[in-house]
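Here is how the chains run, residue by residue.
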Amino acid sequence: MTRLQSALAACQERGEKAMGLFLTNGFPHPDATLPILHAVDEAGADFIELGMPFSDPLAEGLPIQHASERALRHGVTMPDAFRTAEQFRAESETPLLLMGYVNPILRYGVGNFCRDARSSGVDGLILPDLPPEEADVIEHEARNAGLGLVFLVAPNTSDERVRFIDERASAFVYAVSVAGLTGSNLDGLDGISAYLSRVRRIVHNNPLLVGFGIRTHEDATRLSEHTDGFIVGTALIRLTEALWDDASLTDAERLDRVRRWTHELKHGTTSLSV
Amino acid sequence: MKTDPTILNEQTYTAPDERGRFGDYGGAFVPEILVPVLDQLKAAYAEAKADSGFQRAVADLLRDYVGRPTPLSFADRLTAHLGGPKVYLKREDLCHTGAHKINNTIGQVLLARRMGKRRIIAETGAGQHGVATATVCAKFGLDCIVYMGSEDIERQRLNVERMRLLGAQVRPATSGSRTLKDATNEAIRDWVSHPDNTFYLIGSVVGPHPYPMMVRDFHRVIGEETRRQLREAEGRETPDAVVACVGGGSNAMGLFYPFLDDEVTLYGIEAAGEGLDGRHAATLSLGEPGVLHGAMSYLLQDAAGQVEIAHSISAGLDYPGVGPEHSYLKDTGRVTYRAVTDAEALDGVKLLSRTEGIIPALETAHAIAALPAICATMSEEETIVVNVSGRGDKDMTTIAANL
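Chains as they are written, first to last, in this note's numbering: chain A, 1 to 274; chain B, 1001 to 1403.
Watch out, some of these pointers could steer you wrong.
Unchecked claim - Only part of the chain B face toward chain A is listed, based on derived beta-carbon distances under 7 Å:
id : residue
1  : 1029
2  : 1036
3  : 1189
Note that these hints are calculated values from the structure, not bench results.
Remember, it's a predicted structure, so these values are computed and weren't measured experimentally.
Note that CB positions come from ideal geometry on N, CA and C, so glycine has one too.
Excised from the complex, chain A in its bound form (with noise of 0.2 Å):
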């Protein structure tokens, strides 16, 4: 079993939903992301998506495009990418999965990228835009790294398309919640939970994770009801970049808050006894 599905396995033993939570590498500072990664993963994070930042993001909102300049701002480059995720394991069997756009991967070399995820502990890739049509271009790559790769599944997905997804993706599949953009509003609950719905009954060969607009623990259970877990990002964005802006507060102060906001997201309580 790989690291992601021993993962998974294990929230569904215990019957929860798997949460998997998204940063910006690089962000809200170089120095401040392995820190917070780390909260998360003590908090009760299942798995940690660390984004790698790209100059034209399109699927993402304001939050996370400014994330992503404040990055690269930095000088954050893909090496860095791999030094986080190293860092990161060197302390933790969590699952960690990069995400990111395509071309800054091209211009890498699409084998090494794959060898030196692999060697600093990644365990999958969510390229949101590159779509199974164009996926031959790093899944080869990919599956001989042992790297998982997503895919993402939209409300516009056809049945027989989601089963086309779920044959080609090999860590789990992406529900987008809705049409739109990262950090997305989440309109009309009844529309998603069918959409959802629908795609579980066809989704067999993955896992099923839903993202995009979720901010709280309520909208997270409501949004879950149909798949294995969520993944929020936008979200944990704000609050960092929030946190790390506000320069009356010290470093324990703002992990210690982003602990409390992580345990609340998983379990609707901020208290960290549970």
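Since chain A is already given, all that's left is putting chain B on it; use the hints.
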């Protein structure tokens, strides 16, 4: 040589393939939400292309509304000045709205109507595509939102006012370089957020499949007319050389496409900005293959694969990417790509204005500026066609400030 101008030369040149690939370039690198949308568009376009009613509707509007065919003018004083081949000007500047862009917006807006989409979005650089989109939306009573970089809004104020007068909403793109690249990002994000009711009317031969092919097809009328007009003027359909400016590359593809299988030397002229060792927009000359805005193509990028900010005095050429078909035509050697600087382009404006009484757009001026070097290699018996893709009124502030 073909004698019937209606027979087009597609027997040997067949790109793109089913996946929208021009060799290694093109494709559809898009978020999942757009995959079903593009599938629907591909099917609708294939159906429309085969429908003589649709083709007739496009042709009627091009004639009665756009004013086609545009003239092919023999430039006698420019020819004498350059002292080489006979120079012909394909007068796309005489199209309604002042540039070739409307050939494509007519085609796509008819397709949008056919697909029942009533909300039209577009990106624009110089504002010519934005104006052409706002124009057809007014003509057909459709909602129109145009994304434009905030820097371009400043340098192309006249076109912003035209779009607003035509009833379009102009939304500034304030991220990154605040030019065409960022306007395109914003348009794609809008599209991702409204996939059902919105038609994205892309303004160049860029973006995911089927756009590069579709936009080329809507502009091929430029080259087809040129063949017919040359036959009348010169007794043969093919010139010896053809020149057009290339930003995304739509006017160039429209003119080149019907000549790809003939013995015609094709020149695409990019923007060298301040010079190739400074800030520029010479994607084909100095870029490396990469993925931007849904397609694999040459791209201005840094060593880490981040997209670089382009620079050109011409807002319409100020783009770090280029249409994937141009990348293919560069690699195969079928088209020769060169770059001219901002300063040379300004000379080009002056040259065409003083010799022919035609003030070209700054984009077009790049093609004009390339003529002296190209013509120096040709004889007086030969002919060359240059695409006057747009008129220069919109650029008068920039031109006046720099000449």
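Verify the interface restraint on residue 1189/B: the C-beta must sit less than 7 Å from at least one C-beta of chain A. holds (6 Å)
A closest beta-carbon separation below 7 Å is what the hint needs, so does residue 1036/B meet it against chain A? Holds: closest Cβ of chain A sits about 5 Å from residue 1036/B, inside 7 Å.
Against chain A, run the beta carbon of residue 1029/B and see if the smallest gap drops under 7 Å. holds (5 Å)
The structure meets every hint from the earlier list without exception.
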